[in-house]
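Trainee: Here are the chains, one letter per residue:
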Amino acid sequence: DQQVKQNSPSLSVQEGRISILNCDYTNSMFDYFLWYKKYPAEGPTFLISISSIKDKNEDGRFTVFLNKSAKHLSLHIVPSQPGDSAVYFCAARGSNYKLTFGKGTLLTVNP
Amino acid sequence: NAGVTQTPKFQVLKTGQSMTLQCAQDMNHNSMYWYRQDPGMGLRLIYYSASEGTTDKGEVPNGYNVSRLNKREFSLRLESAAPSQTSVYFCASSVDRGNEQFFGPGTRLTVL
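These protein sequences, in sequence, are chains A and B.
Position one of the first sequence corresponds to residue 1 (the numbering used here), numbered consecutively onward.
Position one of the second sequence corresponds to residue 1 (the numbering used here), numbered consecutively onward.
Among the hints, erroneous ones may be present.
Partial list, derived from the structure: chain B residues whose beta carbon lies under 8 Å from chain A [claimed, not checked]:
| hint | residue |
| --- | --- |
| 1 | G42 |
| 2 | L45 |
| 3 | G58 |
| 4 | P61 |
| 5 | F90 |
| 6 | E100 |
With a straight-line Cα cutoff of 30 Å, these simulated BS3-like cross-link-like pairs (lysine-lysine) come out [what the hints assert, rightly or not]:
| hint | chain 1 | residue 1 | chain 2 | residue 2 |
| --- | --- | --- | --- | --- |
| 7 | B | K71 | A | K5 |
| 8 | B | K9 | A | K98 |
| 9 | A | K71 | B | K57 |
| 10 | A | K71 | A | K54 |
| 11 | A | K98 | A | K71 |
| 12 | B | K57 | A | K98 |
| 13 | A | K5 | A | K54 |
| 14 | A | K71 | B | K9 |
Reference excerpt, derived from the structure (chain A facing chain B, CB under 8 Å, subset only) [unchecked claim]:
| hint | residue |
| --- | --- |
| 15 | Y39 |
| 16 | G43 |
| 17 | S49 |
| 18 | D55 |
| 19 | F89 |
| 20 | R93 |
| 21 | Y97 |
| 22 | K98 |
| 23 | L99 |
| 24 | F101 |
| 25 | G102 |
| 26 | K103 |
| 27 | G104 |
In case anyone wonders, no lab produced these hints; they're calculated from the structure.
Don't be surprised by glycine CBs; every beta carbon is placed ideally from N, CA and C.
When you get a sec, could you build the whole thing from the sequences and use the hints?
Mentor: Below, the structure written as structure tokens:
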């Protein structure tokens, strides 16, 4: 049973446009959500997070939106740059403090 | 400040061989984790250590053992490797359990 779902395996956008990566979850006990970025042959790096008591968190070009009633979060990247091309993982923290990761979305930003 | 380091970077084993993956962090973090990543899958937690002296099973612990040697080091041992354990292994650490985790570069393990 997959508790964190990233239904789009891949996404392709043009440089300068907005990238929107989506994540759905099923466990209403998740209280903290994180996005990680991963380049090939490297470990994931933390990008941005949001607490379940908020609906938006912004950090430079990256904004995460949380819709608790829909159990949905999204990561917006504006403007997208070729260096943003990577796999993006959504993760959620449960009551046991462990993180559950989605399968990832491969973002390709075309020059 | 190296962050999280892992050794080795690559390893090829034969079925039945044993090995230990090493992980160390220099950020004075309390919690450490071992994950595996397989093609088309997310990161799956094998074992974690919430603090020095404690270890707990994650989602996929079978076939693995861990040792939290001290606050800095957390090792993962495969006693009798199987082809199903072919994967990329990531170690991570966090200030405390539940905080954002910082990952090492990974160990690519192939079991023939």
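Trainee: Are the hints correct? Go through all of them and say.
Mentor: Okay, the hints, checked on the actual structure:
1. Taking 8 Å as the C-beta contact cut-off toward chain A, the hint placing B/G42 at the interface holds, the least distance being around 4 Å.
2. Checking B/L45 against chain A: minimum C-beta separation of about 6 Å stays under 8 Å; hint holds.
3. Proximity of B/G58 to chain A holds as hinted, the smallest CB-CB distance being about 7 Å (cut-off 8 Å).
4. For B/P61, the shortest C-beta to C-beta distance to chain A is roughly 12 Å, which exceeds 8 Å, and the interface hint is violated.
5. This hint holds: B/F90 has a C-beta 5 Å from the nearest C-beta of chain A, less than the 8 Å allowed.
6. Look at B/E100: its Cβ gets to within about 5 Å of chain A, closer than 8 Å, so that hint holds up.
7. At roughly 33 Å between alpha-carbon atoms, B/K71 and A/K5 are farther apart than 30 Å, so this suggested pair is violated.
8. Pair hint B/K9 plus A/K98 holds up; C-alpha atoms about 26 Å apart against a cutoff of 30 Å.
9. A C-alpha spacing of about 27 Å is found between A/K71 and B/K57, which places the hinted pair at or below 30 Å, so the restraint holds.
10. With a C-alpha separation of about 13 Å, the suggested pair A/K71 and A/K54 falls inside the 30 Å cut-off, and the hint holds.
11. Annotation: proposed proximity of A/K98 to A/K71 holds, straight-line Cα distance about 18 Å (limit 30 Å).
12. The straight-line distance between the Cα atoms of B/K57 and A/K98 is roughly 11 Å, inside the 30 Å bound, and the hint therefore holds.
13. For the proposed pair A/K5 and A/K54, the alpha carbon gap of about 20 Å is at most 30 Å, so the pair holds.
14. Between A/K71 and B/K9, the direct Cα distance comes to roughly 37 Å. Violation of the 30 Å bound is thereby established for this hinted pair.
15. A distance limit of 8 Å between C-beta atoms decides the matter here; for A/Y39 the minimum to chain B is near 10 Å, and the interface restraint is violated.
16. Satisfaction of the interface hint for A/G43 is found here, the shortest Cβ-Cβ separation to chain B being roughly 3 Å, below the 8 Å cut-off.
17. The interface hint given for A/S49 is met, as the beta carbon of that residue sits about 6 Å from the closest beta carbon of chain B, less than 8 Å.
18. Evaluation of the A/D55 hint against chain B yields a violated restraint, the C-beta minimum of about 19 Å exceeding 8 Å.
19. About 6 Å separates the beta-carbon of A/F89 from the nearest beta-carbon of chain B, less than 8 Å, and the hint is met.
20. The closest approach between the C-beta of A/R93 and any C-beta of chain B is roughly 6 Å, which is under the 8 Å cut-off, so the hint is satisfied.
21. A hinted interface residue such as A/Y97 counts as satisfied when its beta carbon comes closer than 8 Å to some beta carbon of chain B; here the least separation is about 4 Å, so the hint holds.
22. Interface restraint check: A/K98 against chain B, minimum CB-CB distance 6 Å, threshold 8 Å, status holds.
23. Hint on A/L99 holds. Least Cβ distance to chain B is approximately 7 Å, under the 8 Å limit.
24. With a cut of 8 Å, the hint placing A/F101 at the interface with chain B holds, because the nearest CB-to-CB distance is about 4 Å.
25. The beta carbon of A/G102 is positioned within 8 Å of a beta carbon in chain B (closest approach about 5 Å), and the interface hint is therefore held.
26. Taking 8 Å as the C-beta cut-off, the interface hint given for A/K103 holds, the closest approach to chain B being about 5 Å.
27. Restraint check, A/G104 versus chain B: the minimum CB separation of about 6 Å is within 8 Å; hint holds.
Hints 4, 7, 14, 15 and 18 from the list above are not met by this structure, while the remaining hints are.
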